[in-house]
Structures are given as structure tokens and as C-alpha cells.
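Colleague: Spelled out, the chains give:
Number of protein chains: 2
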Amino acid sequence: MFMGASTKQGQDIALKSREIVRSLISDKIDHLSTEEKSIVERIVHSTADVEYAELCHISSGFVECSIESIKSGKDILTDINMVRAGINKYSGEVKCFINHPETIKMAKKEGITRAAAAIGYAAEYGFKGIVVIGNAPTALYKVIELVEEGIMDIESVVGVPVGFVGAAESKDALEDTQIPYIITKGPKGGTPVAVAAVNSLIQLSKDNL
Amino acid sequence: MFMGASTKQGQDIALKSREIVRSLISDKIDHLSTEEKSIVERIVHSTADVEYAELCHISSGFVECSIESIKSGKDILTDINMVRAGINKYSGEVKCFINHPETIKMAKKEGITRAAAAIGYAAEYGFKGIVVIGNAPTALYKVIELVEEGIMDIESVVGVPVGFVGAAESKDALEDTQIPYIITKGPKGGTPVAVAAVNSLIQLSKDNL
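Heads up: the protein sequence lines correspond to chains A and B, in order. Per our numbering: the first sequence = residues 490 to 698. Per our numbering: the second sequence = residues 490 to 698.
Okay, chain A solo, but in the shape it has when bound:
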């Protein structure tokens, strides 16, 4: 199994792609650790967008905290179901509450997005683990708010929401916290970036046993 490929042909493609990615970005990620390199390489592999080599910022401690969380089988929480659908090799649970009746109720009552309300719902039931935001800046702001208020206690955040409204600012705000993170600077990011980061962490936690 290499980068999600389960057949010989799939693995050959993944290997060739990884070589191309390395030749394109190795000089830009020279300052990163081996594990951080492998996360960024997988993101560029998944998006075919070399810009991510420079847009990805990883806080010190992010890789260790995240691998520890995965090894101890803690839940992974995603903002939307597309992200959950892409994380398919985790032996623990991957949760998403965007369609949960309590989320829908909370969103209406508080006048917030469902993605943000879904984080609120996860905090209420006592979620611990890695939070993965691949789409909604409002969900990332909610994570920051609840952690800073001491209502939510998490291990790390994959914070890569996308869009021209609030995404860049929400990621800047995450950088100003004590939460271990990976972000993509600016408006870009999204579900494939989120999925690539998490699947890479899952792989690293297996290599690292």
C-alpha cells in the first residue's frame, strides 16, 4: 500500500508521481523534517499544485501530537462528509456531524453555519482527537473559540478551509493560538489537501510503530 494505491498499476502511478513531486518541490521544502516533507509531498501529489509546497505551514509539535493521537486510536472529526469519505485507512473512528439533527437545530437557533454548529455539537459530547477542517472557515473559527474558552480539548488541527471569504483570516487566527496545526496560507486549501494531510499522518503512524 503506497499513497492509497491498492493495485500494482495504482502503486506504479503513485511512485512515479512521488518522484515528479520531489523533483518539483524538493528545494522549497528543504527546511522541513522528514515527516513534514512527506505530508507536503502528498498534498502536492493529491492536488498537482506545487504552490502548496510554499503555502503549507506546520507548527512545531504538530506531527508528534497528531501521530500520538492516531496511535492511541482517538477519533478524527471532519467539518464535511467529503473529507470523511477520503479518510479510508484509519482503524479508529472518523466523525462528521454536519447532518446531525442536533447540529441543524443548533445552526438555526444560533444563526451560525451548520459546519460551525457541527463543531459545537462535537464539543458538547466531549470530542478529543484531531480536528480536520477542509472546507468551512466558520468551523475553524468555532474550534479556536471553543478551545480558547476551555470548552474543547483537542490534539491538533488540520486547518485548510478554502475560499475568498474568511478562509485566509481563519488560518491566520489559528497560527496565533497554542494549538498544534497545519494550515495553507491564503484562500487556497480544501478537501483534497485535508485528506492528503490526514492520510499521510495515518501512514506515518504505521511506519513509526
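Keep in mind that the hints were calculated from the coordinates and are not lab data. Check each hint, because a few of them may be wrong.
Because identical chains share one entry, a pair is satisfied inside a single copy or across any pair of copies.
Stated by the list, open to error - Pairs of lysine-lysine residues, derived as DSSO-like cross-links and limited to a Cα-Cα distance of at most 30 Å, are as follows: (1) Lys497 with Lys526; (2) Lys517 with Lys505; (3) Lys560 with Lys578; (4) Lys617 with Lys598; (5) Lys674 with Lys517; (6) Lys526 with Lys674; (7) Lys517 with Lys617; (8) Lys597 with Lys695; (9) Lys560 with Lys695; (10) Lys594 with Lys505; (11) Lys584 with Lys674; (12) Lys597 with Lys517; (13) Lys497 with Lys597; (14) Lys526 with Lys598; (15) Lys584 with Lys617; (16) Lys695 with Lys497; (17) Lys695 with Lys594.
Note that the structure is predicted; figures quoted are calculated from it, not measured.
Mind docking chain B on chain A? Use the hints.
Modeller: Using the frame of chain A, we list chain B on its own:
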């Protein structure tokens, strides 16, 4: 309901984003029809990547064939589950066979990727409708092969596989067929592009009733 947003805050963000997208790309998509513009705008909204304004190529007839297919409730077939998870407002069925036992058997037997075998399985059971390839070039090549051999009969293809190995070439090959298509030129593309295109077509088919 606007661009997938179901709450007031979500709709406000989507509206503001659409305005920003228009200001960034309107000169680049001036030659497109109103429907085509709305598809490309949604792709740029979903990826926060203005490059897609120029990378998206849409064949004449693609919008009409796709809307007709959606209106008549035909199935939508996706290469991977992440794409299926993002298409959430369709009253018809959205199918993905990548984890189907027959697909896994066929991939092993023929030495092809599971994404390609999943297309082969869909052809066998007589799939008709829109095919959506958001990830695997091998799946797009399989669609082209089966349509050209007369084994598969489809309405249109959202052909936006991503990657440095084969993706660009597979999309060039689709452009050389008679199949109505949307593609993204070059290595870039991916699940958010695929989902944005399909969700935009679903919205257009409702506006167009």
C-alpha cells in the same frame, strides 16, 4: 439554497464569495454562455483558485446533455467516494463502485486500477447518465475506451482527474472524442472541481425547469 449553503450565514458567505469570484475572473470567461459561466464561477468559488477560469474547457452541447440527463433522473457515476459524498442535492442516484467486490475482483484479474475496474463494472450493469471523474486518469481512459468500443453509452463526462502521471493526457484524449465534456487542462483538477461542476449542473437544471 445558494451554492450549497443552507443557513443565512452560509448564504451570505456564498453570495459575497460569488461577487469576489466575478470580479476576479469575469474578463476571462466572457466568451462563455450564462450556464457555462455559472459552472466555472462555482469551480473557482470552491477551489479559491482563479487559474481554473482558464483551465476549464467545456464542449458545445455539454451543458444541454448534462441538464437533460439530470432532469430525466438518470444515475450519476463517480470514480471515488469523495466525489459522491460531495454531490448531495440530487434527487436521482449517485453511484460509485470502487469498493464493490466485483470491482476488486476485476482489478486484480485484469491488472488495472480499482477506479478503472469500477467503470468497467458500471458498463457491465448498463449504466447510463453522467460520468464524473474527479481523481483517476485510468478511470477516464476506461470511459473513453468503453464508449468508443460501443460497450458504454453515456450522456456526458465531467473529466477532471488530477495528478502528474497521465491526468493531462487523459483529458486531452477526452477532448478528441465525441463525448460531451468539461475538463481542466493540465495536471490540475480533483474532487472539489468535479463536485462543483456537478452541483452547479443540478442547480441549473432546477432553475431551468
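Colleague: State for each hint whether it applies.
Modeller: Hints and how they fare:
Proximity of Lys497 and Lys526 under a CA criterion of 30 Å is satisfied intra-copy only: 25 Å inside one chain copy versus 40 Å between copies. For the homomeric pair Lys517 and Lys505, the shortest alpha-carbon distance inside one copy (20 Å) is at most 30 Å, but the shortest distance between copies (34 Å) is not. When the C-alpha separation of Lys560 and Lys578 is checked against a cutoff of 30 Å, the pair qualifies only within one copy, where the shortest distance is 13 Å, while the shortest distance between copies is 36 Å. Only within a single protomer do Lys617 and Lys598 lie at most 30 Å apart by alpha-carbon distance; the minimum there is 25 Å, versus 43 Å between protomers.
In this assembly of identical chains, Lys674 and Lys517 lie within 30 Å of each other by CA distance both inside one copy and across copies; the values are 15 Å within and 25 Å between. Both within a single protomer and between protomers do Lys526 and Lys674 lie at most 30 Å apart by alpha-carbon distance, with minima of 17 Å and 28 Å respectively. In the homo-oligomer, the alpha carbons of Lys517 and Lys617 never lie at most 30 Å apart, since the shortest distance is 34 Å inside one protomer and 45 Å across protomers. For a Cα distance limit of 30 Å, the shortest separation of Lys597 from Lys695 across copies, 25 Å, qualifies, whereas the shortest one inside one copy, 41 Å, does not.
In this homomeric assembly, Lys560 and Lys695 come within 30 Å of each other (Cα to Cα) only inside a single copy, at 8 Å, whereas the closest approach across copies is 47 Å. Proximity of Lys594 to Lys505 under the C-alpha cut-off of 30 Å is restricted to the inter-copy arrangement: shortest distance 25 Å between copies versus 48 Å within a copy. Proximity of Lys584 to Lys674 under the C-alpha cut-off of 30 Å is restricted to the intra-copy arrangement: shortest distance 26 Å within a copy versus 35 Å between copies. When the C-alpha separation of Lys597 and Lys517 is checked against a cutoff of 30 Å, the pair qualifies neither within a copy, at 45 Å, nor between copies, at 38 Å.
Taking identical chains as interchangeable, the C-alpha atoms of Lys497 and Lys597 lie at most 30 Å apart only when they sit on different chains, with a minimum of 9 Å there against 49 Å within one chain. In this assembly of identical chains, the alpha carbons of Lys526 and Lys598 never lie at most 30 Å apart, being 43 Å within a copy and 35 Å across copies at closest. Only within a single protomer do Lys584 and Lys617 lie at most 30 Å apart by alpha-carbon distance; the minimum there is 11 Å, versus 33 Å between protomers. Only within a single protomer do Lys695 and Lys497 lie at most 30 Å apart by alpha-carbon distance; the minimum there is 21 Å, versus 43 Å between protomers.
For the identical chains of this complex, Lys695 and Lys594 are inter-copy neighbours only, at 27 Å across copies versus 39 Å inside a copy, given an alpha-carbon limit of 30 Å.
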